[in-house]
Structure formats: C-alpha cells, structure tokens
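S.K.: Each chain, letter by letter, is given below.
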Amino acid sequence: MKTRKMVALTFVYILSVMLLIPQNAYAMHIMEGFLPMNWAGIWFALIIPFIFLGLRSIQKTININPSLKMLLGLAGAFAFVLSSLKIPSVTGSCSHPTGVGLGAIMFGPMTMSVLGCIILIFQAVLLAHGGITTLGANTFSMGVVGPIVSYAVFRIARKSGAPLGWSVFLAAALGDLLTYLTTSLQLALAFPDPSGGILASLIKFMGVFAVTQVPLAISEGILTVVVFNVLMNY
Amino acid sequence: MADYILEANNLSYTYPDGTQALKELCLKIPRGQKTAILGSNGAGKSTLFLHLNGILKPKSGTVKFNGKDVAYGRKSLLELRKNVGIVFQDPDSQLFSASVYQEISFGPLNLGLAEKTVRGRVEQAMTATGINELKDKPTHMLSYGQKKRVTIADILAMEPQVLICDEPTAWLDPKHAKQTLQLFDEISQNGTTVILSTHDVDLAYSWADYVFIVSDGRVIGEGTPDKVFSDDNLIRIADLEKPWLVDVYDLLVKKGFLAVNTDLPRNKEDLYNLMLKK
Amino acid sequence: MADYILEANNLSYTYPDGTQALKELCLKIPRGQKTAILGSNGAGKSTLFLHLNGILKPKSGTVKFNGKDVAYGRKSLLELRKNVGIVFQDPDSQLFSASVYQEISFGPLNLGLAEKTVRGRVEQAMTATGINELKDKPTHMLSYGQKKRVTIADILAMEPQVLICDEPTAWLDPKHAKQTLQLFDEISQNGTTVILSTHDVDLAYSWADYVFIVSDGRVIGEGTPDKVFSDDNLIRIADLEKPWLVDVYDLLVKKGFLAVNTDLPRNKEDLYNLMLKK
Amino acid sequence: MLNIDGFAYTNSLRQVHPLEKAAFAFITMFMCIGFSLPVISGLVIVLMAFAIVGPARIPIKVYFRLMSLPFSFLLIGVVTIAVSITTKGSGAGWLAGITISGITVGITYSGIIYAIGLFLKSLGAVSCLYFLSLTTPAVEMTAVMRKLKFPSLFIELTDLIYRFIFVMLATAEEIHTSQSSRWGYASMKNSMKSLGQLTAALFVKALHRSQTLYTALSSRGYTGQLNVLTPEYTVSVNNIIIIAVIESALTITAILLEMGYIG
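Residue numbers (my numbering), protein chains in the order written: chain A, 1 to 234; chain B, 235 to 512; chain C, 513 to 790; chain D, 791 to 1053.
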C-alpha cells in the first residue's frame, strides 16, 4: 500500500513539476472535445433541469423585484473576474474560480447553476478554458455539485453551531473539493482504465488533481473567510 | 547642474491590445519642485506614471530614480514603490478597505513598520489631509472629495520622496479643488517632490514650477509655465487651451492697456496688480 | 406668462441613511431653453434629477411636467420617463450592453415602438452624436468621451422633450468638452429642452440661457448668467467661483478700460470685441 | 488578458453573419468528435488553422500561442489515460511498467494509440472553438442564441455578465495596481490579505454598481425585460456553399476511412 502510494506520488510529482507549476489551472475544467459525444450529451441532459429550475426561481424573484437581474449580472461578472485572479497557493499562483462557494451561500445553489453555466461559457469563449461540448459536464461539477455542497455544508455547519468562519471555510473548501472529485469521476466514467476499470481510472485522475486541488481548496477556503470577514465589516 | 529625482529616457510602451501609449518619451523631473504634466485624455500621462513606480516595465528605454537605473527585481521594485507613491485618478476604484483608518494603514503595514510607527504615520497623514474626523467611516460612504483626500493620505502615510497625483482635481468643485492644491503646496514645502497630471491649463499655469506637455506618447514641450503657455502652436498641437490669465494678458498687451515685456501674471492678484501699476 | 416644462415645488427628500438631500427645493425650468444647474459636490443636483423623471418620489412637495402633477403610477411614470431623459454621470453604470447598437435600441423598444421605427431612431441618434463608426465596437473598448456620447445617444433615441445631463464635461479634456457642448447646442436647436448640471462656472456662464444655483438642497439663486454671476455674495455662499470672463470684465470696468453698463461678454470673442470698440 | 475578445471585434471575418460562422465551427467540431478518427482530427486542425490565419487574418504568432494554452490539461489528461493500473501484472501489449506489491503501473500500446487519438480529437475541437471565438464577438453569439429561441432570461443575464466582466476587470486591475504600488503583494501573508480585501471591495462595488445600473435603466423605462435589437446581417450564399462543400468533403473522407477504402 505504502509503496503504491509512493509510486503514484512520484508519478504525480514529476507530472506536476513538468506541467502545473508554470501555468494556471487549466486542469480545472474538462477541455473542449475531450469527452466522447455520448458523455457530453448525458451531462448536458443532466444539467438542463437544474438550469430550468434556476431560471424559474430567478424569474419569480425578478417579477417582484426587477433589480435582481442587474444584481445577478454583476454577481456573475464578479465571479468571472475572481476566477481570473491569481490566488497565492503553496504550489505557486493559480487562477481559480473562487466565488462559487460565496455565491452559493448568498444566492442559493439553484441560482448558481445558471450563473455557473454562463460563467463557464465565457471561460470557454474568452479564455479557452473548458469548452462548449464539455459545458454540460463542467456545469454539473462547478455549477451544480459545488454550490449544492457549499450550501449544504454551510447550512449544516451553522445549524450544528460551528463558528461562522469555520462554516464559510468548510463550505468553500469542500464545495471546491467535491467539484474536482466530480470532474475526476466524469473523466473516469468516460475513460475507464482498460485493465483496471472505472475505479482505477478514478484513482488516477484523483491522484493527478489532488496535487493542485487540495492546496487550492485550502487556499480558497481561507480566502473566502478573509473576504467574508471584510464584508462583515462593510 | 540641475538635480533630477526621476528621469525617463526614451521610454516606449505598447499595451497588449496594441495601443502604443509611449513613444520614446524623455523627461527629467527636478527634485523638490512642483511639476505638472499636461495633456489631453489618452496622451499617455497615466501610462507614464505607472512606469515611474515600476508597475509597468518599459518595452524599451529606462527609468532612473535618484540617478540610478531602476532594476526590475522584486527588491528594487519594492524600494522604488516605497519612494515613489501614486495617487490614482478614480478614488472609487482605488479604495478597497472597509474603514478609512484601515485603508491608510495598508501601505505602512505592508512596509513592515512597527504598529506604533504605523499609528503615528496614519494620524499624521490624516491630519495633513484634514480627514481626522473620517477615521472610522466606511470608505464607500464618503463623498467624492473626501475619497480623494483619503487616497492622498494613503500615499502620504508611506512617506515617499515623490508624490504623483493623476488628475487630482477632476470632478472636484472649485472650493475642493483649491483645497487640494493647497494641500499639495504644503506637501511640497515639506520637501516632497510633487508631480501631478491634468488637462486643466489654468490650474497647471498657476500652480506648477515646471510644466511638461505630453501628446500622443511624447513630451512635446517643457519649461516654466509662462514660457510653455506663451507658445500658441504647442498648446494647439496638444489639444489644450491657453490659460485665461495668459489670454487676457495677451489681449491687454495687444490693446496697449499693459506694457509688453512685463512678467506674465501667475494668478488673479498678479493681474490685478499689473493693471493697477499701469 | 412664461412657459415652464418642468417644475419642482417644495421638494424634500431624505435618503434612507438619513442624508437630507433636498430641502423644500423650488425651481421652474423654462421650455426650450438651455438651463444649467450649478452647485458644489453634494449640493443635491443628482437627487433633484432623479426626481425630475420619477425615479425618486419626494417625501413632500410635487413635481410638475407640462403643468400637470406627476402621478407615481406605473403608466404615468413610463410616460414621464419617455419625455424626460437623464444621462448619468458615470457612463459605466448606464451602459448595460456591450453592443452600442443594442444599447441604444433599449430605450425606444421600451416605448413599445415598432422594430422599424426603433431602427430608424437608433441610426438617427448615432448620427446626431457622431458615433456611427462605433457601431461595431464593443462598449468596453470605447474611450471615456466615446462612452459619454453613447449614453447621450441612448437618451436621444427616446426623443424626449427634456434631456438632462449630469456633469457632462467632467473628466473630459478641453477639446472633447467643447464638442460635447456643441452637441447640446444642436439638440437644443431641435427643440429639446436641455438641462445640465455642473460646477464648472465658466462652462455654465458661456453656455446657458438660464442658471440655477443649488446649495445644500435648496435653490439659492437663479436668473440669466450675467445676472447670477454678478452676485458675488451668491457665488461665495454656493462655494463656487466667478467665471473668469466676469472677473476680467469687472477688472476692466474698475480700471476704466471699459464703460460701465455694457452688456457682459459671454465668450472670449465678445470680450475682444468690447475692447476693440472702446 | 482577454485578447481573444479583442480579435473577435477586429478580425477580417467580423462582418460575416454570425450564424454562418457558428454553423461552420460547430458542424466541423461535431464531425471531429463524432467520427473520432485521427485523420479527420488532423484535417480539422489544419482546416481551422488555415481559416483562422487566412480569411480571419489572426496573426500566426497569436494562433500558436493560443493553441499552446490547452496543452497542459491535454497532456495531463492524455498521459493519465495512457497510463494503466492493473493487479493482473503486465502482459502482452505493455510497453513499460513497474510492478510493486502486485500492482502494475505502466503504459500499453493500445493506451498510447488511444491517447494520441484523443489528443488530436481534442485539439481539433479546440481549433473549432477558437475559430468561433476569434471571429465572433460574444454579443453576436447571444444574438444567435436569441434567434435559436434560448430562454430570454438566460440571454439577458449572459449579455449583462459579458458587459460587466470588463467593467469589473478594470476595477480589479486598478485596485490591484494600487495595492501593489503600496507593497500589497510584497509577501505571501500580505498577498492573502490584499487579495481578500480586493475581493470584498470588488463585491461591494458590484452591489453598488448593480443599484446605479438599475436606476439608470429604470429611467429609460426598464420594468423587468431587457429588450434590445441586434444589427441585421446579410446571409451570404457563397459562404453557405463553401461551408457545405467543406463539410461534405469531410464527411465523405470520414466514411471512406471508416469503410477502409483509404487510409
């Protein structure tokens, strides 16, 4: 077990030194054309109900309060801009989608699925980050799973009496981690290891992403707490 | 030999989108003087300033501070930024802290000064800019003029040798504009070199010791205000206007109400006195 | 009897944070004229404007449009907003679309006009403001002055009876400020009542037919520019300055270079001619 | 940072109907992914490179830099897929592998072939995306979405977000500049604090901006719908014929490949 870990770690270490340090987090979203047609379609089908519910709940609020549209527009732009900032992390600076956790806590997970989807479109089109055929898969991980986890963790942590700071940290960090777990799972499902199957593939992808994403999730958690604290003082 | 605190030699800079903002720009800022940099919108003033404290690195050419070439290593950049402070144009996009006190302490704290020293500097900067009573106010609740003062205090608290101010009086009403200029006079009297950019010719004419005219990424004229603003051609090329004091003076001389060769009046009182003498 | 297009009677307004922005303010805007509203930062100019097209509802007092009290129902508000258009100070918070064409089409579409009419109006507004060549550019690539023009076209496309412009020349350099004022002259000649707010006394003096001085939420003076700006006391209370033309004129009269009782010069040429006549 | 956006407005295919450009990009992309044939992927890469550098006149240097952007994800992904893990030990078809305590990590011949195919396919799809995003401004893409009857709320939000990305980005840059010139990123600890303040300030400014925007739009009659008109484009029969010819050629090549007549 120990040696297996070591082999995996060495493998991952060499890869990360080679590829990850000098660049930013393109490892985050699944790239254009990477998923086979059928999987691209399945993930699209899976996000449609969430987008639909999200749009319906937004429309309901807008009917009562038309200014929400501007607020969501600005919030979406805010989240996009954050994702393009470099955040300091143990493995160097990485650009990263903060704001998903923050948004989920503030606007609720359904709204975030709509905003997440739009932000991902712009990341694909303006930054070549992610893609259109993989939009379904990426929206599912970043716009559906991430926000739901963040929102649920925040609620549970607050209910169980955790201090606000820790609740925010856990919500942001876990939402982040689950996003990457989902991405790994999506890749593993599409590309099962020819001999080891889906499970082996999942372990491979999780191993690769862990190097960058665990420290990033922690950094992002801390950053979200810092932001929350500053916001509380406003 | 004159003593220059900042020099730009053949500075060229092109933004990633292809806009060529500076084209072999040369200028030398005299130490301890009040310098105004004049030019229309988009002439390259702000880009120049970002070079003077090392935020932007020139594509070609050099910046000298205190006679030495600026190196773009981490340490020397920090040293430069400690000594050359910039107050940016739009206070709204510059203030980022929750309270005025926190905002002003940001710079000195980052310098790694002891808390006591920081407190002292913040107090001093607030007194100098006359914003003591705003100490605990959230920055986004301030009026435009107050925000402007906070951004100046931000930089003063770092005690730079050079204070650069981008369009300090835009959007300020006459009263607050006057107060701001008085503040710069005081800062200058305390030995700091003050540089400001503006397209308000009247302001530059009355306030500055030395003026640079920037147009299309180049310095196209420089000198003492009376010299620069007597050059009709220069002013026209730079898309500026003549200061009204100069205009009126010219008119009076033309009409024979004033003798030629008198020193140009620098402010309303000067003009008044000139006319009384006649 | 004079014909007033907009009237404010004893308008009072207090912001939720407790700032009392308007204090029983009264004013009557003459139809078809170029009106300037002068006051220092925070005098209440912007708050007044938001009342004039019904965005804010006064705590007490009334607004009249074309002699009729404004009702605050949905339909009458839309009617008011169709006729009274505001160009806000910061173009970045008025422009909501990246496409200039889409942006300008928004207002007329809200009026329920047919697509063809809207397209015609968009073209017309772009021509009037001289931004035809910006049609294919995104708003985020425009300069400040260009954005300002787009925001004016936004409102022109709605063909309002009154065009209100908040600080139209702030941050513009002399050349662009002059162009903007010329644009307002043209709009005014087409029969639209143009109102603008400013703290630039020279601009107001040369441009306006009628001037209101606002200070601390009240109108403290009004009249034709020459009358208003001859009142030293008024100008001082409002924290403004005298236009330099008036200043110079006073000086010349005092020195006996000009006869008293001549009409005040409204621009440089006027002054020059007056002096030639003498 | 957003130079793709800049080219979208200045490229030589700017005036072509956005629907034509979108159709060309997406049909080609679907062929590339759908057929999943390395030869087709290669053809698509060459075709799009030609279209981007040729008719659209994007500088070739820019094209190569953009194509290198997704390489890191692609390499990580592809290498991860090429590497196999098994408990059965290495056998036939394995090129290399290490076995430690019963678990074999290594590379198989079929894995490499598969990885190369995936690499080309993805790069082909990315080329198509680049063609679209380098020639078609986002506002025109949403105009196409309007034509295709996407939910209007979705489109309105997309347009708003696009517009304010640039406003917020400028603000973020200004705050960042102001912070760095005051030693805000002089150390790791400073950086975290500064970035937190930047984020919070940006958020507060976003809230404030949304209010002023609402005020400004209300004064122009906004009551819940952001209706706008888009400029009209003329459909070019020539372009449609060109697209049809290219796509048919690709399809025929693919079918011939699949049936084994060529390749």
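Among the clues, some could well be false.
As the list claims (entries may be wrong) - Keeping only pairs whose Cα atoms sit at most 30 Å apart, straight-line, the calculated DSSO-like set for lysine-lysine is:
1. C:587 <-> C:576
2. C:687 <-> B:488
3. C:789 <-> B:502
4. B:412 <-> B:350
I should point out that these hints are in silico values taken from the structure, not numbers from a laboratory.
S.K.: All hints, please: hold or fail.
M.R.: Against the structure, the hints come out as follows:
no.	hint	result
1	C:587 <-> C:576	holds, 16 Å
2	C:687 <-> B:488	holds, 26 Å
3	C:789 <-> B:502	holds, 25 Å
4	B:412 <-> B:350	violated, 33 Å
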